Every structure is written in C-alpha cells, then in structure tokens.
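Q: One letter stands for each residue in the lines below.
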Amino acid sequence: MIPLAASAAVLLVLHLLTPWWWWVAVVPFVYGLIFAKNDERAFWEGFLAGAAVWGGAAAFFFLTSGGLIAGRMAAMFRLGKGWLMLALTALLGGLVAGLASFAGRSLRK
Amino acid sequence: MRYVKAVVSVAVLAAAVWALQTPHGMVPPIGKLANPYAGFWRNNASSDKIPKKLDLSGLKEEVQVVWDDLRIPHIFARNDRDLYMAQGYIMARDRLWQMEFIARYTGGRLSEIVGPRALDQDRYHRRLGMTRAAENLLKGLEGEADLKESLEAFGEGVNAYIRSLKKPRYPLEYKILDYAPEPWTPLNSALILKYMALDLTGGNKDFALTRLKEAMGEGVVDELFPYPAPFQDPVIPPGTAWDFGPKPAEKAGRPRGPTAASPAAPPGEASETDPWNDFIGSNNWALAGTKTSGGFPILANDPHLALSLPSIWYAVQLSAPGINVYGVSLPGAPGVIIGFNERIAWGMTNAGSDVLDWYKIQFKDADRAEYYHDGAWRKTTVRREEIKVRGRASVVEDVLYTHHGPVPFPEGGTPVDPDLPPGCALRWAAHDPSGVVRTIFGVNRAKNYEDFREAIVSFDCPAQNFVYADAEGRIAIWHNGKFPLRKKGQGRFLLDGSSAADDWTAWVPMDEVPHVENPKRGFVSSANQRPADATYPYYLGWDYETFERGARVNELLGAMSGAAPEDIVKMQTDALSLRARMALPRLLPLLPSAGLGSSAAFALEKLKKWDFVLRADGIEATIFDRFWREFSSAVWSDEFRTEGRSFPTPGSDVTLDLVLNKPNLPYFDDKTTSAAETLEVIAAKAFTAAAASLENEWGLAGEAWNWGKARGTEIRHLARIPGLGTPLLAVSGGGGTINNVSRTSGPSWRMVVSLGPKVEAWGVFPGGQSGNPGSRFFDNMVDAWVEGKSFEIVFLKTPEEAHPRLLGRTALGGRR
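Keeping their order, the protein sequence lines are chains Y and B.
Oh and the first sequence: position 10 is 42 in my numbering, straight run, nothing missing.
Oh and the second sequence: position 641 is 1454 in my numbering, straight run, nothing missing.
Keep in mind that a hint or two might mislead.
[Said to hold, decoys possible] Computed far set for chain B versus chain Y, every beta-carbon distance over 10 Å: (1) 818; (2) 829; (3) 855; (4) 857; (5) 961; (6) 1213; (7) 1260.
[As the list claims (entries may be wrong)] Below are the DSBU-like pairs computed for lysine-lysine, each with C-alpha atoms no more than 35 Å apart in a straight line: (8) 1602(B) x 1522(B); (9) 952(B) x 862(B); (10) 1422(B) x 1602(B); (11) 1173(B) x 1192(B); (12) 1301(B) x 952(B); (13) 1173(B) x 1026(B); (14) 1026(B) x 1419(B); (15) 113(Y) x 980(B); (16) 1383(B) x 1419(B); (17) 1571(B) x 69(Y); (18) 113(Y) x 1571(B); (19) 961(B) x 1602(B); (20) 961(B) x 1192(B); (21) 1333(B) x 1419(B); (22) 113(Y) x 979(B); (23) 113(Y) x 1602(B); (24) 1422(B) x 1300(B); (25) 113(Y) x 1173(B).
To be clear, the hints were calculated from the coordinates, so they are not data collected in a lab.
Nothing here was measured: the structure is a model prediction, and the numbers come from that model.
Don't be surprised by glycine CBs; every beta carbon is placed ideally from N, CA and C.
Go ahead and model the full structure; you've got the sequences and the hints to work with.
A: Here it is, written out as structure tokens:
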C-alpha cells in the first residue's frame, strides 16, 4: 500500500506543479514497472490512483466553483448534466492510469 | 507470449496518450482538456473573486479598480498612460481570448489555429486588405503622441496580463482549440477597429444591382430599388435649413481628398453572405429638456449587431485627471466607444451611406502587371500574403493592387465569396488612414458641444449617426464620416476603371455632412434611415434601412412630453410593427372568409384582432411574419427566378408601396402561370401557404406557434462552440421594430442617459462582463435583456466613494 500511496502523492504533486496531463500515464507506468505484484492488481491499483487524483480534484472544483463550467462542458459534449463531467474525469484518469500501470507491469520479466 | 503482451500493452498506452493529446478535427484534445489540474475545471467561477491587489509593473503610480455588482470595473488612474495600461490589463483578464480571436479573424489568421477549414475566410480578409487597412490606421497616428501612447499603453497592459498567465489559467477556448495566446500589438487594436468598419460598411449591392440591370434594364432597377426609398422619414427633420452654401461641392480651393498620389488609395469589401454580417441596424435619439420630466436632455442608444458570447461589449468607467467617462468599450481597443461623462453623452448608429465602390479593371494582358486608366497604362503592385495553416504548408496569396485598391477576385481565380465581382478593384474608405482613435480619445474627454464637434470630425469610417446631448441642454445629431464626393447615383453599379471620371477625388467637407442642432421638434433621432431630404445638396448613397424603425421612433418621440428615463428605457423595447400596421388593414379584407382550413381560419381571426405588437408569447407575430414572407416571395420569385443567377430582392418598403399605392403594376401577376393574378389572388394564396407551412412546422395553430419559440433568439458563442451560447430565448420584437431582434442578432447594448447637474444612466447588454463560460458573470444580464429591463449604472466620482452596489476594490501596482 505504501508504494501505491506514495505514487499517488507524487502524481498529485506533479499535477499541482506542472500543466501536463500525461503524468497520469507516466507515474502509474513507473509504479507498474517497479511495484505492481501482478497484471490484474497493476491495472486496478493504477485505476484507483488515477481516479482518485483526477476525480478528487474534479470533485473539489465541482463542489466549490466548477458547477457552471461542468454544465457548459457537458453541453458542449452533448452529455446533459454537469456531474457527468465529474464522473467522466475520474473515469478517464482511472483508465489511463490503469492502462499505464498495466503496461509498466507487462515490461517486467 | 510475455513479450507480445508487453509490446501490445505499451503500444495501446502510447496510442491512447497520443489520441488524448491531439485535437481531431472539431474534437478538442481530451486529455489536456479533462486534466482537472490544468484543463477546463480550472476555468471555474473562482475568476469572479476580487483580488485586493494585482501586480502590474510599468505603472507610474498605483491605479484603483472598483468593481460594482455587475462586475463592471471603475478604473481610477492618475495619468492617461496608467489609465490605458490598466484598461488593457483588466480587459485582458476578462476577455483575452475574444480580443485575440477577433484580431485574428479580421487579419485573416484563423487557419493558423483551426487549420484549412478557415482558409476561404482568411483568403477573403487578406484579399480585402484588412491588415493593410489596419497598418494604414497606425500610420495615420504618426506624430500624434497621445494617441500612440494610448494604444501602446493598452497593449502593454494586455501583455503584462499574458505574461502573468500560466497555462492552467488560459481562457477556456485556448484549451478547446489547443493553442496559446501571443503577445498583443497596437496592430491588433487597429484590426479590432477595422473589424467594425468591415462589419458596418464592408458590403453593398453594386454587383447585384449591376447583374439585375444587365438582365432587366435600368428602369426596373430604379423602380424596385428606388432612391429615395418610399415612406422615409429622414434623420435630419425635413425642412431643416443647411448652414452652408447651396452648391458647396463646387467651392474653389477646397482641399482635395484622396488622390492617386496619396497612400490612402486602397479599398475593401465584404459581403452580405458573410455570416458575421447578418443583421445590423441601430437606434439612437436624444430628447430636449422641453420634452422630459427633469427639464434636461435624455439620450438613448441601442446598436444592433450579430450577437455573441463572450459579449460584444465590455462596460467600463475610465477616470484620470481630465477624463471621467463611462460606457461600453470594444474588447481589444482602448477608450469608451458609446457612453457618457459628467457633462455630455453620445451614441452611434450606422450611417449606411456608400463608402465602397467597385471598378472594372482592363488589364493589358494575362500577367496583370499593367492596367488601362485615363489614357495610359499604369502598373499594378502586388502584396504577398502568407496564410499559415495549422498542420499544413502555408498558402500564399498574391493580392493585386491598383491605385483604387486591391482586386479581391481576379478573373480566373477562386472567388472565395460569391459577391466579389470578378476583375474589379475595390475602393473603400476603410482603407484610408483613419482618425477614429482621435475621436474616441477626444469624445471621452469632451466637456461641451465644441469639444464633441472637434472630436468627431476625425471619425471617418465606419460613418455613424452621432447623437449628442449635454448638461447645458443642447442636443444634436451628425450623419458623420468621410463620404466621397459623387455625382447623383455614382457608385450604384460597378464603375468603369479605365476612365478617371468616376475616381474618388475629394470628400464631402466634414462640416457639410447632414446634421442638426436643437431642432424645433425637440428631439433628434436615427435608425439607419435616409439621412436627409431632397434639399441636401450631396449624394451620399441610396441603400438605407427601410423606414419602419425610424418612423416608429419619431412617432413615439413626437407624441412624448414630460418623459422620464423609465419611459425611454421602456421605449427601447417597443415591438410595434409599422409594416404590419400599414399592410394588414389593406390585405386582410382581401382574404376569403370561407373555405379556409382550421389553422388558417384561426390565424385570420387572430390577425384581425391584433394590435401589431410582435409579442414573444403570442402567435400573431409568427403568422404575420410568415404571411409577409410568403407574400413577398409570391410577388417577386417569378420575376427574380432566373437560371441560377441570384438577384437582390426588393425591400419590404417597396413591396408595401406596391400594395398600398401601386396595386396595378404587373409585379403581382405570376409570370409562371397563364392567368393574370392580382393583388387579391396573391394575398389569398400567400395566406393559405403561410398557414400550411406553419402547421407543417409546428402543428395546429395554438401556443406552439408562439413567436418566442417559432422565431426565438439565440446568442451563439463567437467561435460557434456548442454549449457555450444561450438556449433559444423568447424575445419580443423583430425586424422593423425598435426592438430589432432576429434569430441571431439584436440590440447589443441598450443605454439611456439623463443629463443635468447629476448624470444618471441605465444600461444592459445580452451577456455579461466575464468572457469565462464558467463565471457567473458570463451571461448574467441575458434575462434582464430579454425582459427589457435595464440596470441603473453605477457612476463614481472618486475611488473612495461609498456605494451600496460595490463588490470590492483592487489596487494595481508595480513592483519596483
């Protein structure tokens, strides 16, 4: 658990300090490469970290000042409700991170 | 096996990252956009917070910004330079993307950000010489230190903001379209001002009327596109004596205007099919104190434009020693365009006079290196335009120039726009060095009529009807701009470029444009109609707005006495259609009372009881609108349907004139049938067709036909990004009424100013101050605008002044 929590923390810090979205692929990839125990766990641990780091921030904005922008973006993507953008942000973060962690793990002998 | 899995999973990951990193056609880069740390989530309502302090290095002294409850900034500086720098900074904070987008649009640089789909649009503006026009505007400022300083300081303020901007805080549209802001230049501000010239004067019917003349003869053109047009109530009250000589055009020794030698030479053009140019018009008026409850003048203005979000206008108060002005500014340009100060108020409507001509050029050979003019061969010049295209190689356009101006569509090339006449050179007042910056600077500071006059003399293009009122009780209106001196009717059709006879050689003197001060009737007004009656000695053009709005404004103002500001605010949303009031009493009795379907019969009963007001929650406006369209189409489509060539359709005023005064002209006969149709037959056919088409679209007659739904009004996003505009709004009014709203256009700013010892004002625009779609202030005034309500304007004397409607104060200071 400690490597996973540490990786999530590293991901969070990198996101806070830089504008690049793809840390959500890079950090879980490294996690998968070094720490993941097996393929299945690699995916789900990555997913969990990505969904938490992306979904957490999105939830923070959605609940404080981001209701209007979420509604606008939902309208742009023709999805209707703003909370769907929150769910999709978390899901996207989770899927990218899960896939990356899985790919990282797959490189290990 | 392990090896295959590794390769596949890494490949899938790489593909996914690439796909999420890259824009795909209209689809934004999803990964960047969804990243909650730097994507759209950061464009949230935290932009609404008022900071106590902001760093703006380069200021000479601290600047105070006071924010009112509509989040309108009131900027207090201690010198002009700081004032404009702060305006640039604050405006960029709210509207950076919009400013930059409009400058790019005007200069033909959209392909750089959206790729080949904007190529024709870019080519069009390059060929019209928009950037050259903006460069000429800047050249005209050489030697005018105060004006140059205002543009440069404004730009420095914008750039200071851009430098402070980290990627996560980029305006949303940069993230959706995936690009970054670039440094602001005075040229961008010039392009913003030229955008207005393009929007307001960039098209005319010269080419279309020429096609019509070739097909049907000049007699038909003069009958269907008459000048003066029927029913016109001119801007300047008929009978006004002109305060200059009877034949001013022949005065000796008057300075000549544009000549072949002047750098001013080139022209431009734009077309009515340009989607940005769909529906313009405007109202303004001023009542003298004799007609108001307070005994002081009241001034009103509502410019009508194609509406968009972020809002077309940015409201602001600008205060420094020698200036304390409030009004609306154009995102991207310093100063206040329409507004008031402690002593005077001013407003504008588009003049509509003709400042754009086309000259058929006779080239020596296919090289087009020389053309024939006035007995000699003259050389053309070429301006090379490189259009950068995202993801592709640049496209180079060599735009040919004559002494008139560019040739936007050399024969044999691609037209880019169907209204560009082939092989013609364009002469357009918007290409000349321009003094509009001087006007804005001066009128913002004007203390009296003399100051105002001195300021607007520089306002050349786009020519405007400038309405004026002051605290001393004076009112005036000027049909103001640079108008080429013409023979009557000159420039109605394409002109012969091989002769010098039709070249522009001089301008109408600026003190001899149509104007009136303190007229006896106690008010001045304009609604884009004909500027003056037949006694006015110059020919300025022919294609003015139809009479309805202007006549309605004058009817209401003429009857008014003891008017309070509330009455004027209410009048700005008057929705009575003079067209309906004049046409229906003649047309309805012609309709059969029996044999109509249920919807048609219901509709007829509704119209018979109607008061001619285009109400959003009624169906009468919908019925009349459709009936009139069907009627016009039935009258004109047979004459004007000719093998794929498009002709302009005569105006609603000409159709109405036919109905009321010329029912025996042959136009009512449908040429496609052997029978001889009369007005009566055509009216009945049109009504039945209107009811049928409405029923087909909306079902049986009833609430489903309501004007607010069947017509409706939509404020779209400037770049047409879905989800960032408004839903369909149910707005009363329509074409030809004071509240001149269409599906996508309407009053872009409504202002009422009551002058006197203490100036009071009201205003609203359909949008909000912020350009951030995630802000509360993006569209917070839309509902009030729909309902016809205006907000009382907060106008402060000092930054310390207490006022119940303030949100907070920000100090702008430099790091030293």
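Q: Would you mind marking each hint as holding or not holding in the structure?
A: Right, here's what the structure says about each hint:
1. Under the 10 Å C-beta cut-off, the non-interface status given to residue 818(B) relative to chain Y is violated; the minimum distance is some 5 Å.
2. The claim that residue 829(B) lies off the interface is violated: its Cβ sits roughly 6 Å from the closest Cβ of chain Y, which falls inside the 10 Å cut-off.
3. For residue 855(B), the shortest C-beta to C-beta distance to chain Y comes to about 8 Å, within the 10 Å cut-off, and the non-interface label is violated.
4. Listed as outside the interface, residue 857(B) is inconsistent with that label: its C-beta sits roughly 4 Å from the nearest C-beta of chain Y, within the 10 Å cut-off.
5. For residue 961(B), the non-interface assignment is confirmed: its Cβ lies about 36 Å from the closest Cβ of chain Y, beyond the 10 Å cut-off.
6. No beta-carbon of chain Y comes within 10 Å of the beta-carbon of residue 1213(B); the shortest separation is about 42 Å.
7. Distance check for residue 1260(B) against chain Y: the nearest CB is about 43 Å away, which clears 10 Å, and the non-interface claim stands.
8. Using a Cα cut-off of 35 Å, the hinted pair residue 1602(B) and residue 1522(B) holds, with the two alpha carbons roughly 20 Å apart.
9. The hinted pair formed by residue 952(B) and residue 862(B) fails the criterion: a straight-line CA distance of about 40 Å is larger than 35 Å.
10. Between the alpha carbons of residue 1422(B) and residue 1602(B) the distance comes to roughly 28 Å, so the proposed pair stays at or under 35 Å and holds.
11. At roughly 16 Å between alpha-carbon atoms, residue 1173(B) and residue 1192(B) fall within 35 Å of each other, so this suggested pair holds.
12. Taken as a hint, the residue 1301(B) and residue 952(B) pair is honoured in the structure, with Cα atoms around 33 Å apart against an allowance of 35 Å.
13. Among the hinted pairs, residue 1173(B) with residue 1026(B) is consistent with the structure: their alpha-carbon atoms are about 16 Å apart, no more than 35 Å.
14. With a C-alpha separation of about 41 Å, the suggested pairing of residue 1026(B) with residue 1419(B) is violated against the 35 Å cut-off.
15. In summary, the hint linking residue 113(Y) to residue 980(B) is supported, as the alpha carbons are separated by about 27 Å, within the 35 Å threshold.
16. At most 35 Å may separate the alpha-carbon atoms for a hinted pair to count; residue 1383(B) and residue 1419(B) meet this at roughly 26 Å.
17. Of the pairs offered as hints, the one joining residue 1571(B) and residue 69(Y) is violated, with about 78 Å between alpha carbons and a cut-off of 35 Å exceeded.
18. Taking the CA atoms of residue 113(Y) and residue 1571(B), the gap is near 48 Å; set against the 35 Å cutoff, the hint is violated.
19. Note on residue 961(B) and residue 1602(B): the hinted pairing is violated, with a Cα-Cα distance of about 39 Å set against a maximum of 35 Å.
20. Proximity of residue 961(B) to residue 1192(B) is assessed by CA-CA distance (about 34 Å); at most 35 Å being required, the pair is judged to hold.
21. Distance restraint check for residue 1333(B) and residue 1419(B): the Cα-Cα separation of roughly 41 Å exceeds the 35 Å cut-off, and the hinted pair is therefore not satisfied.
22. Proposed proximity of residue 113(Y) and residue 979(B) is supported: the alpha carbons are some 29 Å apart, at most 35 Å.
23. A distance of roughly 30 Å separates the Cα atoms of residue 113(Y) and residue 1602(B); the hinted pair therefore holds under the 35 Å criterion.
24. Note on residue 1422(B) and residue 1300(B): the hinted pairing is violated, with a Cα-Cα distance of about 48 Å set against a maximum of 35 Å.
25. Proximity of residue 113(Y) to residue 1173(B) is assessed by CA-CA distance (about 57 Å); at most 35 Å being required, the pair is judged violated.
Hints 1, 2, 3, 4, 9, 14, 17, 18, 19, 21, 24, 25, counting from the list given before, are not met by this structure.
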